[in-house]
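Peer 1: Can you make the complete structure from the sequences, with help from the hints?
Protein chains in written order, with the numbering used here: chain A, 1 to 475; chain B, 1 to 483; chain C, 1 to 93.
Among the clues, some could well be false.
The list that follows gives simulated cross-link-like pairs (lysine-lysine, DSS-like), each with its CA atoms no further than 30 angstroms apart [what the hints assert, rightly or not]:
| id | chain 1 | residue 1 | chain 2 | residue 2 |
| --- | --- | --- | --- | --- |
| 1 | B | Lys371 | C | Lys56 |
| 2 | C | Lys27 | B | Lys371 |
| 3 | A | Lys97 | B | Lys371 |
| 4 | B | Lys89 | C | Lys21 |
| 5 | A | Lys97 | C | Lys59 |
| 6 | B | Lys340 | C | Lys21 |
| 7 | C | Lys56 | A | Lys291 |
| 8 | C | Lys68 | A | Lys79 |
| 9 | B | Lys332 | A | Lys79 |
| 10 | C | Lys4 | B | Lys332 |
| 11 | A | Lys285 | C | Lys59 |
Chain C is faced by these chain A residues, among others (derived, beta-carbon under 10 angstroms) [what the hints assert, rightly or not]:
| id | residue |
| --- | --- |
| 12 | Phe22 |
| 13 | Thr35 |
| 14 | Leu39 |
| 15 | Ser75 |
| 16 | Phe76 |
| 17 | Phe82 |
| 18 | Glu138 |
| 19 | Val141 |
| 20 | Asp268 |
| 21 | Pro273 |
| 22 | Asp276 |
| 23 | Leu278 |
Keep in mind the hints are simulated off the structure, nothing from the lab.
By construction, the Cβ of each residue, glycine as well, lies at the ideal position given by its N, Cα and C atoms.
The primary structure of each chain is shown beneath.
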Amino acid sequence: MSWETVIGLEIHAQLSTKSKLFSGGSTEFGAESNTHVDLVDMGLPGVLPVANKEAFYKAIRFGLATGAKINQTSSFDRKNYFYPDLPKGYQITQMTKPIVEKGSIKILVDDSEKIINITRAHLEEDAGKSIHDLFEGETGVDLNRAGTPLLEIVSEPEISNAKEAVAYFKAIRQLVTFLDICDGNMAQGSMRCDVNVSVKKTDASELGTRAELKNINSFKFIEKAINYEIDRQIRLLESGESVVQETRLYDSEKNETRSMRSKEEANDYRYFPCPDLLPVVISDKELMEIKENLPELPEEKENRYIKEIGLDESEAKIISSSKTMANMFEDASSKTNNAKLVANWLVGDISALLNRDNIEIDESNLSAENFGKLIGRISDNTISGKIAKSVLEEVWENGSDVDEIIESKGLIQIQDESLLEEIANKVIETNPDQVSAYKNGKDKLFGFFVGQVMKETQGKANPKSVNEILKKILS
Amino acid sequence: MTIKYKTIKEIKKMISSKVISNKEIVQEVYKLIKDNNHLNAFITLNEETSINKAEELDNKASDLPLAGIPIAQKDLFCTKGLRTTCGSKILENFIPPYSATVIENLEDAGCISVGKTNMDEFAMGSSNETSNFGNVYNPWGDNLVPGGSSGGSASAVAAGIVPGASGTDTGGSIRQPASLCGITGLKPTYGRVSRWGMIAFASSLDQAGPMARTAEDCALLLNEMCSHDIKDTTSLDEHIPNFEDNLNQSLQGKKIGVVQDLDLSSLDNEVIKVYEDSLKEFVSLGADLVDISLPNLSLSVPTYYVVAPAECSSNLSRFDGVKFGRRSANPKDLEELYTKTRSEGFGDEVKRRILIGSYVLSAGYYDAYYKKAQQVRRLIKNDFDEAFSGVDVIMTPTTRGPAFDIGSKGSDPIQMYLEDLFTISSNLAGLPAMSLPNGNLDNKPIGLQIIGNFLDESSILNFAHMYQTRTNWHLLTPEGEKK
Amino acid sequence: MDKKTVTTISYLSRLKIDGEKEDKIIKDLSNIIEFVDQLNDADTSEVEPLANPLEKTAKTRSDEVTAKNLKNELLEIAPSSNEDYFLVPRVVE
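Peer 2: Structure representation (structure tokens):
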């Protein structure tokens with residue numbers, strides 16, 4: 001008898017607004033502790049929340065891009081519980097009337113497509129951070145993050161295995177970054193994920209009891225945690241025991257899931273409408289504006305790159321799949337008229353460097369401007385492709401200007417035909433043995449002559465010209 | 001020249017005709033406070049700042065509408081740099097780094113906040129017997145309650161210590177003490193006055209308002225208290241009239257709703273007579289009495305005692321000893337920190353209401369209690385909407401009787417809850433309502449409640465002021481009638 | 001309203017009722033619940049709940065950072081803090 005897995009994901013994406021969901025506190029990451037805490041974020045007596053419209057706009061973009069229903073009138077509820085990083089003793093969230101309901105997204109697993117339905121996406125405020133390891137016997141609380149807007153995206157329990165879960169998470173991440181609503185930075189916690197996992201016998205009609213794996217931040221860990229949990233549950237059930245409905249944490253070092261304090265389950269959140277916040281209404285006009293200004297999504301970009309720019313399919317696919325790559329491609333292309341060459345380099349040399357250094361393109365020292373210049377200088381024959389590689393290395397190291405590098409290192413390609421002829425002739429004269437060997441059939445020696453000319457010119461000779469000139473002389 | 005028992009208007013005249021200096025006024029206030037220490041009306045005094053402000057005004061006169069007027073501020077409003085306790089142990093040393101908008105508005109209008117008045121803890125109570133800082137006494141007797149929760153403010157005004165005070169009203173906490181202390185107090189339309197910096201009890205019911213000796217003074221204070229505050233999204237963005245404009249309008253042909261469903265049978269005959277005499281007075285002023293029905297009125301107290309505790313149980317969760325306020329000593333772990341801090345810091349009434357609130361919101365009970373109560377709330381509001389289509393104001397007694405003895409309501413909380421029988425419904429509907437003195441039984445004052453339509457404080461003030469031009473109840477003091 | 005219920009809601013509210021006060025609280029709460037049960041008399045079928053007396057919708061704010069750095073003031077009024085954090089007894093996850 002075989003087992004089936006049922007998985008649902010709850011993804012919390014931090015919306016990239018400048019200020020918080022209910023206050024004018026800054027959402028900037030990495031600031032010194034407790035410096036971005038507004039009176040409202042603190043939950044001091046008498047303070048009141050005021051909703052940030054931009055958060056709604058970003059949430060709506062997500063709804064539109066997933067074909068979801070947008071609730072133009074949405075309201076807020078309070079979720080009541082106690083925790084040190086939850087200043088008010090309740091979180092303001094949207095339980096009854098979320099801004100977005102019922103959408104879907106396409107995922108790709110091993111070349112096959114599957115549609116995963118999204119139950120809802122709602123706005124809520126993030127909590128602060130509890131820091132457990134700094135002090136003996138104490139926990140420190142940093143409220144900088146408290147009040148940051150989150151979009152909680154809940155999938156239907158339609159995911160069947162760890163690979164699909166990762167594909168789904170990746171698809172959502174790609175979507176939110178392309179929509180410019182979340183920076184997708186997993187390391188900084190911009191996207192966190194809770195996974196609900198249960199198993200059942202294939203022929204069983206009812207779902208099994210599920211366990212919730214909390215707060216997993218990396219694709220690798222999601223896959224491992226899910227697989228561990230599936231095993232654990234199957235082993236339990238096969239030995240006649242039952243699965244407890246509980247929250248579990250994933251320990252990446254031990255590669256296991258562990259039950260959290262059971263008191264979590266005693267929590268009755270006592271949701272009720274937040275009396276301080278009247279319902280928020282998005283007008284038809286605002287909705288139309290958001291629709292019209294929706295950023296271009298990967299599939300659209302891919303099609304445009306192929307049809308309008310003439311990129312080949314694989315290049316188009318690679319570049320359009322990452323927002324940062326797509327941005328770089330589009331920016332750099334606008335600075336030169338050789339988009340195809342930009343694409344080549346992006347997919348080739350630059351991708352290699354990105355992989356080597358394990359960074360995203362927007363974390364590199366290469367600006368779109370400079371990249372455009374580099375491609376421009378190749379296109380206008382100022383430098384050869386080979387020289388360009390070394391220029392790129394230099395730019396990559398320290399972001400220096402392409403033209404300055406070419407200038408200071410004297411890398412300008414030698415185009416002067418008469419000069420090249422002179423040098424080529426000199427090479428021919430000083431290598432008579434190789435010349436006769438070549439003329440006697442050793443064709444491979446052509447490369448030797450090219451190499452010699454290049455050596456004489458410190459690699460700056462225009463390879464095409466050198467080839468043509470040598471061919472002429474040696475014929 | 002004394003300011004004792006003087007109205008704001010009278011004190012303004014004294015200042016402008018220079019028969020008294022601003023400093024002398026403030027100094028006298030503090031002397032009166034000391035002389036009346038037994039009333040326990042104040043929790044924190046603001047002497048140094050107040051004297052300085054007064055001296056400044058003596059050096060350079062100001063034409064601000066409340067320049068130099070000493071006002072007592074209920075200790076529920078956050079005052080920057082000045083201790084704000086909300087009558088609770090859990091905030092016994094809380095010094096807010098910000099002021100409530102109401103405080104700023106009043107101070108921007110020139111008034112001098114002389115101190116923070118005592119109150120029922122977290123505004124929960126109708127007798128000012130639940131304060132961590134001791135009971136407040138009604139100046140009309142030796143052992144009488146002043147009413148609550150704005151007991152300190154009411155007592156201070158009634159004793160003539162200050163001409164005006166700020167109060168808050170969630171179920172009657174301005175009107176009921178005004179009635180028991182023989183002063184005039186107004187709860188504005190919900191949303192007229194910003195709730196920013198006002199420590200929240202029940203967010204959809206709380207409203208700040210003025211307490212003074214006359215309707216005229218209430219109008220003066222209300223003019224300054226009201227504002228549209230972008231920091232409070234429940235603050236109204238409606239035109240704010242000058243509340244003094246219509247005070248003297250004739251009542252000829254105006255309609256007073258008399259509630260048929262009001263069960264007056266539990267009231268003493270003399271209380272009923274006082275009420276009926278007031279209605280007669282209004283008739284002689286030209287108004288007509290119209291029978292109206294508020295069929296769901298009797299459910300207002302149970303509705304309130306589901307909604308208010310539910311909201312407060314959530315609003316008071318922030319008092320957890322983590323970021324501000326009192327924390328219990330040496331908690332061994334987080335759970336103990338929460339539980340000990342809150343159990344030690346909150347009084348019994350507050351605890352009761354938090355527990356009821358958690359109960360009515362809990363899984364399985366939400367629909368039966370909270371949702372049900374909100375539905376009944378809508379019925380009550382609809383009743384008023386219907387009634388106001390035919391009348392200008394509605395009148396009822398404010399309280400079931402005059403002030404009672406401290407400790408006499410015994411240990412049954414419901415007895416105390418029924419004190420708010422007449423006042424609660426206007427909070428549920430968000431309507432403005434006022435209490436003004438309309439009688440005196442055995443040297444104990446009693447009040448008349450005037451309820452107005454949404455945004456119609458002007459009509460209430462008009463009726464009240466005209467009544468006060470014809471009657472002397474508002475001139476009575478514990479020491480006899482004012483000359 | 002029995003002891004078990006009171007224990008549960010006390011825990012949810014992080015309140016501890018002392019032994020001797022426990023009976024009174026159970027009695028008080030029972031009476032209050034009985035009192036509010038009157039609400040069942042009302043016919044509320046098809047009635048929309050009223051959460052806030054203002055029948056209007058919320059004003060929102062534009063996405064601007066308006067807050068100042070209040071770190072010192074906030075940590076100063078805290079019951080327990082160091083120069084950087086609010087402090088509570090160690091939380092074990």
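Peer 1: Now tell me if each hint is right for this structure.
Peer 2: Hints, one by one, checked against the model:
This hinted pair checks out: B:Lys371 and C:Lys56 have alpha carbons roughly 20 angstroms apart, not beyond 30 angstroms. Between C:Lys27 and B:Lys371, the direct Cα distance comes to roughly 24 angstroms. Compliance with the 30 angstroms bound is thereby established for this hinted pair. Taken as a hint, the A:Lys97 and B:Lys371 pair is honoured in the structure, with Cα atoms around 16 angstroms apart against an allowance of 30 angstroms. At most 30 angstroms may separate the alpha-carbon atoms for a hinted pair to count; B:Lys89 and C:Lys21 meet this at roughly 19 angstroms.
Of the supplied pair hints, the one linking A:Lys97 and C:Lys59 holds, its CA atoms being roughly 18 angstroms apart against a limit of 30 angstroms. Proximity of B:Lys340 to C:Lys21 is assessed by CA-CA distance (about 15 angstroms); at most 30 angstroms being required, the pair is judged to hold. With a C-alpha separation of about 26 angstroms, the suggested pairing of C:Lys56 with A:Lys291 holds against the 30 angstroms cut-off. Only pairs whose Cα atoms come within 30 angstroms are accepted, and C:Lys68 paired with A:Lys79 is accepted, the gap being roughly 28 angstroms.
At roughly 27 angstroms between alpha-carbon atoms, B:Lys332 and A:Lys79 fall within 30 angstroms of each other, so this suggested pair holds. Restraint check: the Cα-Cα separation between C:Lys4 and B:Lys332 comes to about 25 angstroms, which is no more than 30 angstroms; the hinted pair holds. Simply put, A:Lys285 and C:Lys59 have alpha-carbon atoms about 16 angstroms apart, close enough for the 30 angstroms limit, and the pair holds. The interface hint given for A:Phe22 holds, since its Cβ lies 9 angstroms from the closest Cβ of chain C, which is under the 10 angstroms cut-off.
For the restraint placing A:Thr35 at the interface with chain C, the shortest Cβ-Cβ distance is roughly 5 angstroms, inside the 10 angstroms limit, so the hint holds. For A:Leu39, the suggested interface contact is upheld, since its CB lies about 7 angstroms from the closest CB of chain C, less than 10 angstroms. Evaluation of the A:Ser75 hint against chain C yields a held restraint, the C-beta minimum of about 8 angstroms falling below 10 angstroms. The beta carbon of A:Phe76 is positioned within 10 angstroms of a beta carbon in chain C (closest approach about 9 angstroms), and the interface hint is therefore held.
Look at A:Phe82: its Cβ gets to within about 6 angstroms of chain C, closer than 10 angstroms, so that hint holds up. Satisfaction of the interface hint for A:Glu138 is found here, the shortest Cβ-Cβ separation to chain C being roughly 5 angstroms, below the 10 angstroms cut-off. Nearest Cβ of chain C to the Cβ of A:Val141: about 4 angstroms, under the 10 angstroms cut. The hint holds. A hinted interface residue such as A:Asp268 counts as satisfied when its beta carbon comes closer than 10 angstroms to some beta carbon of chain C; here the least separation is about 6 angstroms, so the hint holds.
Restraint check, A:Pro273 versus chain C: the minimum CB separation of about 4 angstroms is within 10 angstroms; hint holds. For A:Asp276, the interface hint holds, since its Cβ comes within 10 angstroms of a Cβ in chain C; the closest pair sits about 9 angstroms apart. The interface hint given for A:Leu278 holds, since its Cβ lies 4 angstroms from the closest Cβ of chain C, which is under the 10 angstroms cut-off.
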